[in-house]
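Trainee: Listed below, chain by chain, are the residues.
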Amino acid sequence: MGLLSKKNKEALNTPLFKENPVTVQVLGICSALAVTSKLEPAIVMGLSVTIIVAMANVIISLIRNTIPNRIRIIVQLVVVATLVTLVSEVLKAFAYDVSVQLSVYIGLIITNCILMGRLEAFAMQNKPWPSFLDGIGNGVGYAMILVIVAFFREFFGSGALLGIQIIPQSLYDAGYLNNGLMLMTPAAFILIACIVWYQRAKDKSLQEN
Amino acid sequence: MKFLRNYIDKIKPNFEEGGKLHAFRSLFDGFETFLFVPNETSKSGVNIHDAIDSKRIMSLVVIALVPAMLLGMYNIGLQNAIAAGTVETTTWFSMFLYGLIVMLPKIAVSYIVGLGIEFTVAQWKNEEIHEGFLVSGILIPMIVPVGCPLWILALATAFAVIFAKEVFGGTGMNIVNVALVARAFIFFAYPSVISGDSVWVATESIFGIGSDVTIDGYTCATALQHAVNGLAPMGADNAALTVSDMLFGFMPGSIGETSVIAIAIGAVILLWTGVASWKTMLSVFVGGIAMSLLFQHTLPENPVAQVPFWQHIILGGFCFGAVFMATDPVTSARTEVGKYIYGFGIGAMAILIRVLNPGYPEGMMLAILLMNVTAPFIDYCVVQSNVNARAKRLTKKN
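From first to last, the protein sequence lines are chains A and B.
Everything in the first sequence is counted per this note's numbering, starting at 943 for the first residue and increasing by one.
Everything in the second sequence is counted per this note's numbering, starting at 4 for the first residue and increasing by one.
Take these hints with a grain of salt, some might be off.
[To be verified] Simulated DEER-style distance windows between Cβ atoms: (1) B:R8 x A:Q1107: 58 to 66 Å; (2) B:K128 x A:N955: 31 to 39 Å; (3) A:G1105 x B:G172: 56 to 64 Å; (4) A:D1039 x B:I178: 35 to 43 Å; (5) A:A1116 x B:I51: 53 to 61 Å; (6) A:T1024 x B:E130: 52 to 60 Å; (7) A:A1116 x B:N50: 51 to 59 Å; (8) A:Q1107 x B:I178: 48 to 56 Å; (9) B:T89 x A:Y1038: 54 to 62 Å.
[Stated by the list, open to error] Every beta carbon over 10 Å from chain B, so not counted as near; a handful from chain A, in silico: (10) L1119; (11) L1123; (12) M1124; (13) I1132.
[Claimed, not checked] List of simulated lysine to any residue pairs, SDA-like, C-alpha gap at most 25 Å: (14) A:K1146 x B:I14; (15) A:K980 x A:L1113; (16) B:K58 x B:T93; (17) A:K1144 x B:W127; (18) B:K109 x A:A1135; (19) A:K1146 x B:W127; (20) A:K1144 x B:V124; (21) A:K1144 x B:I14; (22) A:K1144 x B:N129; (23) B:K128 x A:D1115; (24) A:K1144 x B:G173; (25) A:K1144 x B:K128; (26) B:K46 x B:N129; (27) B:K128 x A:E1150; (28) A:K1146 x B:M176; (29) A:K1144 x B:E130; (30) A:K1144 x B:K109; (31) B:K128 x A:I1132; (32) A:K1144 x B:F166; (33) A:K1146 x B:T123; (34) B:K15 x B:S57; (35) A:K1146 x B:P379; (36) B:K109 x A:G1117; (37) A:K980 x B:F166; (38) A:K1144 x B:S57; (39) B:K109 x A:S1147; (40) B:K128 x A:L1148.
Hint data in this document are derived by calculation from the structure and do not stem from the laboratory.
Where a beta carbon is used, it is the ideal one built from N, C-alpha and C, also for glycine.
With the hints as constraints, model all of the structure from the sequences given.
Mentor: Right, dumping it as structure tokens:
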């Protein structure tokens, strides 16, 4: 089987759009609401989740035949918890500011349903390489939504992107105001709903009756 | 009338399938049915139609809103003159004219944006035009402060029409009041233009009409804002408001909400024509009075709780909300018992928010939105309890 055979490509591609963890499976919503008021923490969060899902998928896939079925959830949790702690420590060491902004949400990645979902649904039945691709695909699918939402929230809520002021002062002098609603959590709900709306309008097969 | 009918019949073919103006079909339909009751009848079965349809009901509500709007316009000019200290030299007509000039762009923006979206959606989905925006379009400019910028009004209107109405399926399908969603959007997105003390009085003359307020950084809070600070209600010149000021609405506030008398005229029109339910309206007032009496006796320290109950009713948006917003037939409870519960909830909740929430002096908007969401649940409980009672009666007989 080639490294990027049709099946492997599918494992990587479907979570990006057709099986997107946030907009189609509606997983990981909590963190998508909490960390998206600025673009930078959203990118870091997306990256962290991508790394953790991919690594956890590979590790679980490697030991999938040795895990006793009855305690598999605990084994999965141990693996994920280890990875989350690692990522959290790395962030504290090299990106302290962002780590403070993300506060508990890095630690809470362990409760992110995308992780347990992928481990149960994919890594337990598949070889390491497809599992890795599946992890990357799901992580990027999640990160993508976070970045889109955070882009709009930071741009309209603070007039900035990545902390750099984009909307010029002259516009504020002319009467423009930042949209305070965008900085509140409900705005993330509305934006995610818009993405869901757009996606289902594009792909009719996603529409429920 | 005959002439109008003939003219419409003459231009009608242009808008039908294959006509050169087919793209504007929904626009034409909308205006035709607005001017004349459509003469379509049911094709099958036996149906009973009321002579009145939703466009006629909407028009009645708009007519009921006119007194409050006219007094609101006059009040804009009056507050401007009071703030500038030119009351003696300004005639009532130029005050009204000033208010009209300030108000007209807001009404125009609200209608152009709202109807624009509705026409587009109707055309796109190949449906008939929905007329529900006739009322929302006039309500939105009436429930914002005079200092609210037009672009924010446009944005809020667009947000409300798309997210509160069209995504739920258009007119008659919305869960919460569209006009209030527009106001809530402004309230949460741009709090500085809808609260505080610098937006309630117009301070600039337009085309030489009205007066420029020369005091730098002129501020004037609403009566309820004064109450939060433990002060008696004051007007734009910091003189105490008299009871007749409060009744006529000669005080700073959102444009349409200040005048109790004008709102009362509207209420009479709505009740007399049967458009609004007296049960909802009455129970809103009962709820508000009960709650403010309760707070007055239990919270002696709280300055807002110590506002007399009749002032709670006639200040702020209480009356306006009770008459025009709570009674909205689409978003209110539909069962007869439910209307009492729903109305009482609005009145009580509005006073609760006013008294216990230190951040924001007015609670009517949030109270109505909250009860809008609860209304289906109230109806469910009422219907279910009736079903249970009848089931019990049936089993007892056997």
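Trainee: Decide, hint by hint, whether the structure agrees.
Mentor: Hints, verified against the model:
no. : hint                         : in the structure
1   : B:R8 x A:Q1107: 58 to 66 Å   : holds (59 Å)
2   : B:K128 x A:N955: 31 to 39 Å  : holds (32 Å)
3   : A:G1105 x B:G172: 56 to 64 Å : violated (41 Å)
4   : A:D1039 x B:I178: 35 to 43 Å : holds (41 Å)
5   : A:A1116 x B:I51: 53 to 61 Å  : holds (57 Å)
6   : A:T1024 x B:E130: 52 to 60 Å : holds (56 Å)
7   : A:A1116 x B:N50: 51 to 59 Å  : holds (56 Å)
8   : A:Q1107 x B:I178: 48 to 56 Å : violated (38 Å)
9   : B:T89 x A:Y1038: 54 to 62 Å  : holds (60 Å)
10  : L1119                        : violated (5 Å)
11  : L1123                        : violated (4 Å)
12  : M1124                        : violated (7 Å)
13  : I1132                        : violated (7 Å)
14  : A:K1146 x B:I14              : violated (39 Å)
15  : A:K980 x A:L1113             : holds (21 Å)
16  : B:K58 x B:T93                : violated (40 Å)
17  : A:K1144 x B:W127             : holds (16 Å)
18  : B:K109 x A:A1135             : violated (30 Å)
19  : A:K1146 x B:W127             : holds (17 Å)
20  : A:K1144 x B:V124             : holds (17 Å)
21  : A:K1144 x B:I14              : violated (38 Å)
22  : A:K1144 x B:N129             : holds (19 Å)
23  : B:K128 x A:D1115             : violated (40 Å)
24  : A:K1144 x B:G173             : holds (22 Å)
25  : A:K1144 x B:K128             : holds (16 Å)
26  : B:K46 x B:N129               : holds (21 Å)
27  : B:K128 x A:E1150             : holds (19 Å)
28  : A:K1146 x B:M176             : holds (24 Å)
29  : A:K1144 x B:E130             : holds (21 Å)
30  : A:K1144 x B:K109             : violated (36 Å)
31  : B:K128 x A:I1132             : holds (22 Å)
32  : A:K1144 x B:F166             : holds (19 Å)
33  : A:K1146 x B:T123             : holds (22 Å)
34  : B:K15 x B:S57                : holds (23 Å)
35  : A:K1146 x B:P379             : violated (31 Å)
36  : B:K109 x A:G1117             : holds (17 Å)
37  : A:K980 x B:F166              : holds (24 Å)
38  : A:K1144 x B:S57              : violated (34 Å)
39  : B:K109 x A:S1147             : violated (43 Å)
40  : B:K128 x A:L1148             : holds (20 Å)
In summary, the numbered hints that this structure violates are 3, 8, 10, 11, 12, 13, 14, 16, 18, 21, 23, 30, 35, 38 and 39.
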